[in-house]
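From just these sequences and the hints, can you work out the full model?
Chains as they are written, first to last, in the numbering used here: chain X, 1 to 528; chain D, 1 to 528.
Hints may be right or wrong, so weigh each one.
Treat identical chains as interchangeable: a pair holds within one or across any two.
Simulated pairs of lysine-lysine, DSS-like, Cα-Cα distance not exceeding 30 Å [what the hints assert, rightly or not]: (1) K399 to K46; (2) K32 to K46; (3) K399 to K112; (4) K118 to K24; (5) K236 to K444; (6) K469 to K110; (7) K523 to K49; (8) K110 to K82; (9) K110 to K451; (10) K215 to K197.
Keep in mind the hints are simulated off the structure, nothing from the lab.
There are 2 protein chains.
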Amino acid sequence: MSSETSNSNPPKDQKLSLTLKTAKGTKDWADKDMVIRQHIFETLTKIFKKHGAITIDTPVFELKEILQGKYGEDSKLIYDLKDQGGELCSLRYDLTVPFARFVAMNNLDKIKRYHIAKVYRRDQPAMTKGRMREFYQCDFDVAGSYDAMIPDSEVMSILVDGLTSLGINDFKIKLNHRKVLDGIFQIAGVKDEDIRKISSAVDKLDKSPWDEVKKEITVEKGQTEEVADIIGKYVKLNGSLADVISVLEKDEGILGNEKAMEGLADIKLLKDYVQAMEIDSFISFDLSLARGLDYYTGLIYEAVTAASAPPKDAQEQKEQALKKKESKKAKKNGANADDDASAYVGVGSIAAGGRYDNLVAMFSEATGKKSAPQIPCVGVSFGVERIFSIIKSRSNINKIASTSTQVYVMAFGGGADWNGLTGERLKILKKLWDNGIEAEHMYKGKVNPRKQFDAAEKSGAKVAVILGKEEYLQEGKLRIKKLGPEYADDDGELVTAEDFVTLVQSKLVEMKEANGGLDEITKLIQGI
Amino acid sequence: MSSETSNSNPPKDQKLSLTLKTAKGTKDWADKDMVIRQHIFETLTKIFKKHGAITIDTPVFELKEILQGKYGEDSKLIYDLKDQGGELCSLRYDLTVPFARFVAMNNLDKIKRYHIAKVYRRDQPAMTKGRMREFYQCDFDVAGSYDAMIPDSEVMSILVDGLTSLGINDFKIKLNHRKVLDGIFQIAGVKDEDIRKISSAVDKLDKSPWDEVKKEITVEKGQTEEVADIIGKYVKLNGSLADVISVLEKDEGILGNEKAMEGLADIKLLKDYVQAMEIDSFISFDLSLARGLDYYTGLIYEAVTAASAPPKDAQEQKEQALKKKESKKAKKNGANADDDASAYVGVGSIAAGGRYDNLVAMFSEATGKKSAPQIPCVGVSFGVERIFSIIKSRSNINKIASTSTQVYVMAFGGGADWNGLTGERLKILKKLWDNGIEAEHMYKGKVNPRKQFDAAEKSGAKVAVILGKEEYLQEGKLRIKKLGPEYADDDGELVTAEDFVTLVQSKLVEMKEANGGLDEITKLIQGI
Numbered sequence: 001m002s003s004e005t006s007n008s009n010p011p012k013d014q015k016l017s018l019t020l021k022t023a024k025g026t027k028d029w030a031d032k033d034m035v036i037r038q039h040i041f042e043t044l045t046k047i048f049k050k051h052g053a054i055t056i057d058t059p060v061f062e063l064k065e066i067l068q069g070k071y072g073e074d075s076k077l078i079y080d081l082k083d084q085g086g087e088l089c090s091l092r093y094d095l096t097v098p099f100a101r102f103v104a105m106n107n108l109d110k111i112k113r114y115h116i117a118k119v120y121r122r123d124q125p126a127m128t129k130g131r132m133r134e135f136y137q138c139d140f141d142v143a144g145s146y147d148a149m150i151p152d153s154e155v156m157s158i159l160v161d162g163l164t165s166l167g168i169n170d171f172k173i174k175l176n177h178r179k180v181l182d183g184i185f186q187i188a189g190v191k192d193e194d195i196r197k198i199s200s201a202v203d204k205l206d207k208s209p210w211d212e213v214k215k216e217i218t219v220e221k222g223q224t225e226e227v228a229d230i231i232g233k234y235v236k237l238n239g240s241l242a243d244v245i246s247v248l249e250k251d252e253g254i255l256g257n258e259k260a261m262e263g264l265a266d267i268k269l270l271k272d273y274v275q276a277m278e279i280d281s282f283i284s285f286d287l288s289l290a291r292g293l294d295y296y297t298g299l300i301y302e303a304v305t306a307a308s309a310p311p312k313d314a315q316e317q318k319e320q321a322l323k324k325k326e327s328k329k330a331k332k333n334g335a336n337a338d339d340d341a342s343a344y345v346g347v348g349s350i351a352a353g354g355r356y357d358n359l360v361a362m363f364s365e366a367t368g369k370k371s372a373p374q375i376p377c378v379g380v381s382f383g384v385e386r387i388f389s390i391i392k393s394r395s396n397i398n399k400i401a402s403t404s405t406q407v408y409v410m411a412f413g414g415g416a417d418w419n420g421l422t423g424e425r426l427k428i429l430k431k432l433w434d435n436g437i438e439a440e441h442m443y444k445g446k447v448n449p450r451k452q453f454d455a456a457e458k459s460g461a462k463v464a465v466i467l468g469k470e471e472y473l474q475e476g477k478l479r480i481k482k483l484g485p486e487y488a489d490d491d492g493e494l495v496t497a498e499d500f501v502t503l504v505q506s507k508l509v510e511m512k513e514a515n516g517g518l519d520e521i522t523k524l525i526q527g528i
Numbered sequence: 001m002s003s004e005t006s007n008s009n010p011p012k013d014q015k016l017s018l019t020l021k022t023a024k025g026t027k028d029w030a031d032k033d034m035v036i037r038q039h040i041f042e043t044l045t046k047i048f049k050k051h052g053a054i055t056i057d058t059p060v061f062e063l064k065e066i067l068q069g070k071y072g073e074d075s076k077l078i079y080d081l082k083d084q085g086g087e088l089c090s091l092r093y094d095l096t097v098p099f100a101r102f103v104a105m106n107n108l109d110k111i112k113r114y115h116i117a118k119v120y121r122r123d124q125p126a127m128t129k130g131r132m133r134e135f136y137q138c139d140f141d142v143a144g145s146y147d148a149m150i151p152d153s154e155v156m157s158i159l160v161d162g163l164t165s166l167g168i169n170d171f172k173i174k175l176n177h178r179k180v181l182d183g184i185f186q187i188a189g190v191k192d193e194d195i196r197k198i199s200s201a202v203d204k205l206d207k208s209p210w211d212e213v214k215k216e217i218t219v220e221k222g223q224t225e226e227v228a229d230i231i232g233k234y235v236k237l238n239g240s241l242a243d244v245i246s247v248l249e250k251d252e253g254i255l256g257n258e259k260a261m262e263g264l265a266d267i268k269l270l271k272d273y274v275q276a277m278e279i280d281s282f283i284s285f286d287l288s289l290a291r292g293l294d295y296y297t298g299l300i301y302e303a304v305t306a307a308s309a310p311p312k313d314a315q316e317q318k319e320q321a322l323k324k325k326e327s328k329k330a331k332k333n334g335a336n337a338d339d340d341a342s343a344y345v346g347v348g349s350i351a352a353g354g355r356y357d358n359l360v361a362m363f364s365e366a367t368g369k370k371s372a373p374q375i376p377c378v379g380v381s382f383g384v385e386r387i388f389s390i391i392k393s394r395s396n397i398n399k400i401a402s403t404s405t406q407v408y409v410m411a412f413g414g415g416a417d418w419n420g421l422t423g424e425r426l427k428i429l430k431k432l433w434d435n436g437i438e439a440e441h442m443y444k445g446k447v448n449p450r451k452q453f454d455a456a457e458k459s460g461a462k463v464a465v466i467l468g469k470e471e472y473l474q475e476g477k478l479r480i481k482k483l484g485p486e487y488a489d490d491d492g493e494l495v496t497a498e499d500f501v502t503l504v505q506s507k508l509v510e511m512k513e514a515n516g517g518l519d520e521i522t523k524l525i526q527g528i
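So, in structure tokens, the structure goes:
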């Protein structure tokens, strides 16, 4: 059931009429992987609901024209359905465009929604890196005209709550503002029509050193050395919101640029709000963050986890190592914004998002509406596949049960007249099920006790309900016994068949309490 | 956001460059519909987990060759992906074939799994009847070699638990056995190669009267009058398991047919097991049930809800009406198996399934394996769309909230220095969120109290946390107030900002208790 199996080719010497595999770039999910992924979905769903979001479900395929012209170069990765007569359709590429289509189509002026669903990209799959052709996205977005930074700061808090609730605490949110960034390009003298392509060069700073990015800006993208140096001065700035704000507030260039000042005003407001929610320590204001997608218009952000630092020139690396050492000495807690945020990369971003105020209007206007209202949006998308990898590697995977089974019903007996009490077992099981208790038995008539104990152990059951031949048939009693190596010497308790459910429930509660307050699955998954 | 909107065409006099709609036969789901559907999924998932099932997630598209030759005539309804180079793929048509592929591919000898996911059929959509091109299936299956009827009877109990837990109690499970049915055809003298086509004629008895079916068997399908009459004698039999068993046990034809006797032995065992679980009253042994799919090999069943009776000839209808009247006089409870099961149709089947012992081996053998083991399977599929329609029509739809919001945070004040306390509100909200409480506020700085109360009402919040200008800024106190018309005169309580979460929680508990034990959403959805 592993991803390796799912894509292995059959031996060449065997002539097969059919190859049992999943399509390229797709895989089956099952067992413990599924338990972990469901845990991620449930944890995030609970958080989204805490913030008053509804969920929507859009179709897996959309009209081709809805997706066209939304993803730039990446449009070649869109899967099309075969033309079997009728409309031309494509599998959705993300959840944001269908969301904007939904908002525009229904003339909504506001909505807070989350959507956890699969998206499709005909990319070269890289299984080992977790890049698939079919994968989940997990989005939360707020659409509507509101006062500046109020929904934005709430989205930040959802991002923090989402990751920490999943046991991921070693992350940084790199944050920037498109208006500040565009202002900087204007200050440096980049023409308006060149801004997006220079921005996409800057976006590579998380993977490449400045020297390379500078070369792209000058040699490839035709800007002067001087322009590049001014950009370089700004985009190297990063640190806590307060620190970077105070630098920018004294900067002549910024003070003289309307766009940058608008962005800075937003960031100052945001600082107050994230401080009020005490999540500011996770945030690093990083002027090198640009993000690829064209549709962002305001705040942009990306959460990255601590891992290997990106390649830098030798001198800079030494300086940073030194700075980090000092900074560690001075502080007790790791998660301070003025830690070097560039150390938090590696797996790549595990959540990202931003404000996109024009996408919905693009749809409304495309239908020919003259006065389509602007519906500003801000949102975050959790990178489920990457989060899954992190959580799985930290989890106590061997102890995670694939099922929820709590109770195993067994029958012990023998002799010529022994029939395994199948009907009686079903009667007992039905009572457990009716009381909401997860319970199984072996789908066999007569089985020896050893096999039943083995099956119980495999199922992950905590408690056994045993129908002993004499105890049950003569005395009408059931034996309730805790399972697990620590209860090997415990013979359990006899109880009348009428009262057994209460005893089972109390034993389950006892065992849960002995296990410490936290939900068992959460503990195992988070490797606590 | 209704299905009507989603497929409406734009007015013809408007020239549009883009039509905002979902693809034919698909629709967006949102708001209350989504709440009801999620409730269905969660209810069924909980039940599947009670029975020790894991869940698997297979890709939305499979290799075309995996689906080929599995659906007979209906294969023309399969959606293909466009050939963009590489493998040829198709969207899945159901969840059963991918499940069998999964079991065969991973060489599993047993698995209990549930799967709730979308499937795709290029059928003529009938929106009003709820027939869509993209729709959900909700399947539970047990694969593995076990003792007769033990998993089968458990699947029956899941079927009953699933429907009753969703508030649907007025249903019948029509049940038959492929071996009994095939035995009957043998007894009547149908040749083995004709059995499946005669079976599919008999399958129409839930929609057509016997006269028409007989015509199909004789005129269209070339059987003699005599053959048809023998078939007719048997397939008209239906009633409680016990009653029909006792008729068949005395029947010369059945007694002399090996296949029928094998099937009958299964049914007798099943009777004991469903009686032990006290679900026998839902079951009607109905020899006219044939089910369309070829791959069934044993028990087959179909749950139908009470509605208008199918067309019958006039005399028979009269007789039945009379019988029903008498039967009602004699009994107090509706759900007795010997009620006329044919009265339970209308919406069509709301859950169905059966035993298919050869499908997995078909896959294993197709890969060229010589000694592929047979992996017997039995399962049930809930008809989510039909169940949704029934539940929605019974629900107290107006009162269902789309969000889970429990608390609304407001700030009341005014004057030149009033700023709406946005940061303070966020501080309060963060405490609520951190305590797992669903809470919202207006995304505005300064708003008048009336608007905040309106927004709170719309959100479905139960409790307001109010930051009054004097109360909060001078005394450091918050006002906690229950919301809703019945609390209009309640001014709420003042509490220090440190203790407010406890007070909010206790007010929420009070209101929940006042509302009666049952979960509110369950009550509203089930229209209790």
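- Message: Hint compliance check: list the failing hint numbers for this structure, sorted ascending.
- Response: 5, 8
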